[in-house]
Amino acid sequence: MKSPIPLAAATVVVLAVAVTGCAGSGSSATTTLEFQTATGADSPVFAELEAAAEAFTKENPEIAIDVIPQTSSYEADMKVRLAADDVPDIMGTHGWSLLRYSPFLEPLKAQAWNADVNPALNDAMRGEDDEIYALPIVTDVAGLVVNYDVLESVGASASDLTTWSGFTEVAEKIAATGIAPIVVGGKDEFQGNVVDWMASAYYDEASLQDLGEGTWVNEPYEEMLTLVDDWRAADLFNDDYSSATGDDMARALADGQGAFEFGQNSRITAALDYNPDANIGYIPVPALEGGDPFLIGGEMVAFGTARGGEHLEESLKFLNFLSEPDRIASLAAAAGNAPGLVTADVKLAGPLADSYNEYAASGEVPLVPYFDRVYLPNGMWDTMVTTTDAVITGQQNPSAATSQMASDFDSLFSQSK
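Residue numbers (this note's numbering): 5 to 421.
Because the hints were derived from the structure by calculation, they are not lab data. Careful: at least some of the hints might be erroneous.
Derived Cβ-Cβ restraints for the label pairs, each shown as a range [claimed, not checked]:
1) Ser420 / Asp234: 28 to 38 angstroms
2) Asp208 / Asp164: 23 to 33 angstroms
3) Ala116 / Asp234: 46 to 56 angstroms
4) Ala59 / Glu368: 16 to 26 angstroms
Each computed DSSO-like pair below joins lysine-lysine, with the alpha-carbon atoms no more than 27 angstroms apart [unchecked claim]:
5) Lys83 / Lys113
6) Lys191 / Lys83
7) Lys321 / Lys83
Here a beta-carbon is modelled for each residue, glycine too, at the ideal position from N, C-alpha and C.
Sequences are here, hints too, so could you generate the full structure?
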């Protein structure tokens with residue numbers, strides 16, 4: 005595990021601001037690279053990656069790219085493949101290039117773009133001797149996704165959402181209108197995001213230090229799940245929670261049928277595809293009373309290549325192609341975030357630009373890392389998802405769910421030594 009990053013010392017953003025892609029059938033390509041994108045087929049980012057791969061092959065006709073979208077079993081599939089030393093030529097690291105995948109990925113510090121990596125990503129992505137194992141497409145900055153029109157319909161604004169108690173009060177008002185206050189895609193494991201977003205508000209610096217050193221701290225997690233259970237009891241979640249997908253979340257946000265979502269900015273870009281006029285954006289994540297609201301960030305869309313892979317030279321060539329300023333800026337814009345390299349311009353527009361400029365650009369709002377990636381051992385995401393799901397569906401109470409978290413934490417931490 006990496007050393008914990010306390011909220012008080014949160015990183016500040018540094019500014020310089022299921023279809024497989026065509027693998028070149030009928031072309032003269034002599035090499036085909038397997039590109040596991042870790043990106044959904046319906047994502048704007050996936051469309052940009054397909055276009056980039058096509059442009060690359062046009063310039064390099066001897067190299068074709070098999071652009072493969074993420075499946076629901078991506079992480080489990082990668083675990084099996086990596087254990088068998090069957091590493092894709094290029095793979096999406098979805099926030100885990102250092103802590104999970106670095107033994108299998110080619111060190112990339114020697115690449116020309118390394119010097120341009122946004123320093124805000126250093127804590128999440130750099131290991132010993134500042135080595136880096138993936139090209140960061142974005143500097144991920146996320147918050148609580150909101151539909152402002154729904155807020156205004158109950159006389160509320162972002163200023164009413166600085167604490168979780170204020171958030172709950174507004175959510176209850178929204179529920180009374182028949183609109184779903186909190187929309188979660190349970191089918192696509194977005195319930196894990198709920199607690200991943202909330203946890204940094206509940207754990208103080210000492211507790212975070214304990215977690216990083218392998219000691220589970222029970223009380224904050226149970227308190228957090230108790231609030232989630234209160235939301236369940238008050239019917240604040242979407243009725244189709246169990247069957248809802250990420251795409252359903254985007255549609256609800258776009259149509260004004262949902263007020264709040266816990267997710268990356270790709271939910272916003274997807275919603276804007278359905279309704280370009282949607283009055284949506286993101287705001288800082290609420291805190292407990294006396295705390296400061298915060299943003300969440302670090303590594304998200306990033307790609308590494310197989311360590312010593314058969315097609316290493318070609319894979320590096322494609323990564324370097326993606327790193328070109330205009331291209332990475334377009335990819336980052338599709339993800340709804342700033343680029344991962346400071347040489348690229350921030351190309352956000354509309355609601356995303358408004359949110360970014362108001363909350364992220366100045367660096368005044370604290371940016372904390374994703375809770376599970378820094379403070380929990382590898383493998384805990386699945387437990388976060390299943391226990392949160394059990395609370396939202398009423399199958400487990402907060403105490404039992406927290407006990408399951410504690411048991412798996414102890415087991416997985418001991419395995420990580």
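Range hint 16 to 26 angstroms (beta carbons of Ala59 and Glu368) holds or violated: 38 angstroms, violated
Whether the CB-CB distance between Ala116 and Asp234 falls inside 46 to 56 angstroms: Check passed, 52 angstroms falls within 46 to 56 angstroms.
27 angstroms limit on alpha-carbon distance, applied to hinted pair Lys83 and Lys113: Holds: Lys83 and Lys113 sit about 25 angstroms apart, inside 27 angstroms.
Lys191 paired with Lys83 [C-alpha distance capped at 27 angstroms]: Since the Cα atoms of Lys191 and Lys83 sit roughly 21 angstroms apart, the hinted pair holds (cutoff 27 angstroms).
Beta-carbon spacing of Asp208 to Asp164 - inside the hinted bounds 23 to 33 angstroms or not: 25 angstroms, holds
Supplied distance hint 28 to 38 angstroms, evaluated on CB atoms of Ser420 and Asp234: 33 angstroms, holds
Hint consistency between Lys321 and Lys83 [alpha-carbon to alpha-carbon, up to 27 angstroms]: 26 angstroms, holds
Of the hints listed earlier, the one the structure fails to meet is number 4.
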